Each structure stands twice: as structure tokens, then as C-alpha cells.
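Starting from the known structure of chain A, arrange chain B on it as the hints suggest.
Taken in sequence, the protein lines are chains A and B.
If you read the first sequence in the numbering used here, its first letter stands for residue 1, the second for the next number, and so on.
If you read the second sequence in the numbering used here, its first letter stands for residue 646, the second for the next number, and so on.
Please note: incorrect hints may appear among the correct ones.
So the derived label-pair ranges between C-beta atoms look like this [said to hold, decoys possible]:
no., chain 1, residue 1, chain 2, residue 2, range
1, B, Ala737, A, Leu446, 44 to 54 Å
2, A, Arg442, B, Ala691, 41 to 51 Å
3, B, Ala737, A, Arg283, 43 to 53 Å
4, B, Arg739, A, Asp38, 43 to 53 Å
5, B, Arg739, A, Glu453, 54 to 64 Å
6, A, Ala435, B, Asp652, 25 to 35 Å
7, B, Ala691, A, Pro427, 41 to 51 Å
8, B, Pro657, A, Glu453, 51 to 61 Å
9, B, Ser673, A, Glu268, 47 to 57 Å
10, A, Ala435, B, Gln755, 31 to 41 Å
11, B, Ser673, A, Asp38, 54 to 64 Å
Worth flagging that the hints you see were computed from the coordinates, not collected in a lab.
Here the structure is a predicted model, which means the values were calculated and not measured.
Yeah, the Cβ is synthetic: ideal placement off N, Cα and C, and Gly gets one too.
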Amino acid sequence: MKDKQLDELRLTGSLPSPTGVGLAILELTRGEDYAMGDVTRAIQSDPALTGRIIKIANSAGFAGSHSVTSVGQAAMRLGVRSVRNVALGFTLVSGNRGGACSAFDYEGYWARSLAVAVLSQRFAEALRLAAPADAFTCGLLSGIGVLALASIHPDRYAQLLEQRRAQPDADMLRLERDMFDLDHSELAAAMLADWRLPESFCFAVSAFERRDALAGAPDEKAARMTRIVRAASIVAEVYFRAAQPTPTDVERIESLLGELELPRDQFERVRTEALSEWREWGRALAIPTDREVKPAEVAAEAQRALEVPTDAQVRVQAPERKGLRILVVDDDPVSLRVIEHHLTRDGHQVTRAMNGRQALIMALESAPQMVVSDWNMPEMDGLELARSLRRSSETRATYMLLLTGREEEDRVVEAFDAGVDEYIVKPFNPKILLARVRAGQRMIELREQVEHERISRDRQMAEMAVLNRKLEAAAMTDVLTRLPNRRYAMRKLEEELNAAMAGGSPLSVIMIDIDHFKQVNDRYGHDMGDLVLRETASVLRNTTRKGDTVCRLGGEEFLVICSKASLAQCAMTAERIRAAVEENVIGFGFERAVTVSLGAASLDCGAQTVDELLKLADRRVYNAKASGRNRVCSQDLGPGQARSA
Amino acid sequence: MAEASQDPVLDPVALQALRSLGGDDDPSLFVEVIELYLDDARAHVANMRTALTAGDLRLLERSAHTLKSSSANVGALNFSKLCLELEQAARAERLQSAPTLVARAESEFQAVCDALAAARG
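Okay, chain A solo, but in the shape it has when bound (with noise of 0.2 Å):
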């Protein structure tokens, strides 16, 4: 994938990214020399994740060691990279719980991720493949470009799932190249080196789900991330979900074990493990792990998308008024009681804390919407509880709303500095509490609709930036062979000059001619034309070098750019074509076989200039079919030198 591709789609800001602290590790780590104590002091602004990182520290590989109880603790243990690339991955399930997409499942992609990481990490340590914590990440960003793909184009990916239920057979990736230009497992490397995440996640999360995942690995390093990748994605298939295992699941499981080497009852080991881990995370991130998992990558987000109108106007209005969830926080349970009584009796969804560091762990678990709570408590006061909400990124816009005793209303000011956006005296008329609620709902509901809306707006933009690349594409393209056209070959040519002129290595070029098309077109007809135009056009990519370049200039006439070539070495692939060509291109009927002329050329010839260099490859091309056709030419002295075949 593209540089230039992937900057497009970051610019509409749909692409799931790392906000927040996130971000602020992202953008303390651009160097390869950063401090640890830049990445700790990240970390620790925001609670939620600094938990999350010493719950690491703590889970696999390292039983009998003393216990982390802080993040600089953790970095020693893990090493300050592995700390790093793991906060990244937590801020980016934190940030990207929700979507633009409503058919997409983002929790239950979430609850896979979360299984195919716990998996990974369980089976790093088991057969020391990797380090367990660097798994943990590479499986929880496994799946990142599907997720990606669904944010950017919603409506058109659900349409592409809709596609794949109708045939299940059919290849994901290449249904995503041909809507999107691109795949959920290219975009997913090109995000991960963006974030960079080691080179091995990059490969890891390209390659998994391919049949022959460990081809073209770059290092052992990354083949090993591979197939721990791989190996926690299928267990998490067979056994993360309500439904027995089949016997083709058995049977895959079978063979994974006997490719791992794994052991059956150390396989159950970590399995068991796994599953026990995979909850306790789903708890702690608030992710649904207690259902189902469904067996391929987007089965569930399939099933989800038929049930979803199309219509785009149906998704964009604003949601009906519904009741808001809220987090009632107070010391007296009385109060306590009679605000949940009345904000139940409104539609609201409450839920209680009896003091506000309950109510933080509460608040970073489940992200309320509102948290209307009362000033004056032990262990962490309303003021304290405001300041910790706006510090993590999960509870940063919750709106707060803080109820105040008589003696307090004075230092109001102070609750606003806090991060308190409205207050009430007690005590209260619940009709004015209910009435405040409203109110601080209609402040959400704009918000979300706001947020709503830029999403929406972003995704057009990402939309337009995919369609002009095709419409670009399409304007390059031959539609009867699918090869570049002369526009391309002569842009193309023009860029190949240049290079060559700069850095004095050669260049060369093959025109190519078919031999009696016009007889061809007379004889049989058109139809029969177009299909020795293609038949051609098939020979020629499959013989020439892979860094050639193919063009139909038009007509029967084709162009091979051999970059970097000398004329000798253009001269053999342009006899390898000519021969190849005599004996593929054989249309039923035809008393003969089907040849080309040739013609190759080189600057080595005394070209200047793209022109000179086609002039001479054209005169070549004359050269050899006024010496018979179904030859290569490649000097200007005549006939004689050229090949006969």
C-alpha cells in the first residue's frame, strides 16, 4: 500500500487512531531515542490505562515475581517499547468502541480482539515464540483494518458483506480490492508501521489469515509473530464462542497443534487460561465477553448489515429521545435511593456509586453519559471525582452534574474550574433534578449529534478520495485488456527517463506489433479481434521481468518499458515474448498461429528523449516485419541481424 494512500484516509479522520494520551505517546516516541520517563509520565495521566498496563505487567510470563504496582515498575519488567506499543493498542480500543458504521459489531470485534490477543500472549509464553506482552498487542490490532474499513466506508462495506453471505466462498480481501482499491490486511500493516509498531506486527497482521502466512516473511522474528497470530486466531474461532467445536473444527485444531508442536494438555492449559484472562479483561475494558464469538473475521457484522436499512438518511437522523445512563454518586443512602427512584421514573438507566473513587473505577468501566453526583464524600470527594473524570480520555465529555449543600454554593466556581458542568443546591425539588438532567441531555445530544455529523462528513470525504483514485485509475487503464494505456506508458516512460538520465542507469524500451491484425478483424470479426488483443496481452504479462511494464498504446500495438534494462537484456525478453507469443496466441480456425513483431530500443541508441526513444523502437518494429514479421529487431542495420524464427 501506498504512502500516499493511507495519508489520504488519515486526513478524512475516519481511520480508528490513538486520541488522547495516545497520541501524546505517539508523538513522544517519533525518534528511536525516547526516554522512558516520557512514556510513564504519558501513561500515568490517565488512570484507566495505567491500571490496564500494570494488569499486564502482571498476567503472563512472569508467576513468582513480585507483583507491578506502578507503570515505571512495568516498563522494567516488560521494557519500555513493549509498554509503549501496549498503551497504543489500549487507547485505540478505548477510542474506537463506537463507530459511524451501525453495521458493524463493534463490541463483538472488540471481544475477538480482546480473545485473540489473550490467546496470543498465553501462546508466546508457552512456546517462547515472543514476548508475551508484545503478542498481547500484534493480536489486539490483528483485525485493525477491518475495523478501519468499516469506519471509512460504512454503508458501502456492509454492502460488501452483503455480497460475501450470498457467496461464502468468496475471497474477502479481493472483494475489498475491487470496491476499495485496497484490503482490510495491507491497510492493517500500513496503520501498524504508521504507528510504529514493529516491523514484525506490521507482517504478522498482513499475513495470518493467508493460506501460506509465513511466505515472504521479512525475519524469523516476524514469522514467529505470525504464526502465534494465526494459531490465537483460530482457537479463538473454535472455542471463544457458545457453540461445540465441529469435527472440522476439531480437526483444525488437530493440525495447528501438530504445526506448533504444542502438546494436547498444554494446549488445554492455555486455552482454559485464556478464556478465564479473556473475561477478566472483557470486565475490566467493559467488553461483552461473556457472548458469543462468531467464527470468521465479520460473520457477525454480515448478519448485522441485512438487518440495517441502506437508506443513509434513516442512519444519519437524530435518535429518538430515549433515556440517558447515568452514574449516581452519594454518600447517604437515602438520597442515593430517591435520585436513582426519580431518574429511573424518567427513562434513565442508573447506576450507583457510595463514593467517588468507587465511582471512577465505575465511570472508566462503563462510560456514562451523565454522572450526577454529590459534593461532600469520603475517600474522594465530588471536586476530586470531577478532576480524575477529565483526566482519562473515556470520561473526558461525560457531563457532570454536582449536587451542592447550602454551605458549599459559595465555592461554585471552584466545582466549574473542576470540571463540573452544572450544579444543584439540596435540598431539591426532583422536578427541578429531572429538569436540570434534561437539560444537560439536550447539551449530550448535541454533542453526539455534532460528533455524528462530522463522522458522516468525514466519510464522504474518504469516499470521494477512494472514487477519484479509481476514476485516476480508470483514466490510465485499457478497458479491453486491463493494461496500462498510452496516457500511462507515456507518463510513465517520462518518469523512467528521468530517473535514468539522473542516476545514468539504462533504460530501455519493446514496441510491439501484432502481424496481419487487420486480416484477423477482416477475417473472423471483431470478437475474435478483442480476443487475440487479450490473449496477447496475457502472453506479455506473464513473460516479461517484474519490474517491465506492460502498455497497450492502441490498436495491436503494445509497449514494454524495461526499466533499468540494457538493450541486450531487452533484446532477450522481446525474443522470450516473440516465442511465446507463436505458441499461446492460437485462435481455433486460423490456418496460422498468431505472431508479433518487435522492436526494442535503448538511450544506450543515442535517445535523448522519450520521443527518440519510441521513434527508434517504431522504425525497428518496421525494420523486422519488412524482414518477414515474427521477429525481434533491435539494431538499425537492417535485417539481417534480427532473429528468424
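Chain B only, in chain A's frame:
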């Protein structure tokens, strides 16, 4: 404070508001709130005594503060006022008035318990 004790132990208006919380058809919320209050308040009244004995002004202030607002919620306004006085005394470290106030609060709380038991029926 002599005039305060002439007021009823429970404010009928507040009590009526509490009674109508769950609607006419559901008196269970009223009973539940009274239970919640009594459990919590008993612990805090005991805390005040402990705090007084130990000279722990922080604890005394905390418990008095909590009792002040929760008691107002159930209409125990006299008791709530006594708790306010106690809270202020503790905050200003006026220890000499505290023993009398705690004793008065304890006896008023007993009256509140009786009145609530009667109200609950």
C-alpha cells in the same frame, strides 16, 4: 434550641413527599427508603459517640454532615438541625459544647426512630 423541639419530630410535608415517591399503588419504596435511612443513621449516631470518646473531630464532623442531609430527606428536621450544629462545632473545634449536643442528638434520634416506625405502620 428550646423552640426547635416544639416542632414535630417528623415534618409532615417531607414525610408526605417521601410517601408518594413510589406512587399511590406502591408503598414499598417508602418502606425501603426508611429502612435504608435507619440502617445508615444508626451507624453514624454510633460513630458520633465513638468520635466524641476518642476526641476524633474529623469523624464527628463527617458523621454529623451525613446525618444532616439524610435526616432532612426523611423529614427529621429537628434532628437534622442538631446535626448541623454538631458539624459546625466539630469544624470549629468547639469541644466543650459537643457532649451535650451528642446526647441531645441521641435522644432526638430515638424519637425519630419511633416516629418513623409509627409512620411506616
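Q) Quick check: which numbered hints come out false for this structure? A) Hint 7 alone not satisfied by this model.
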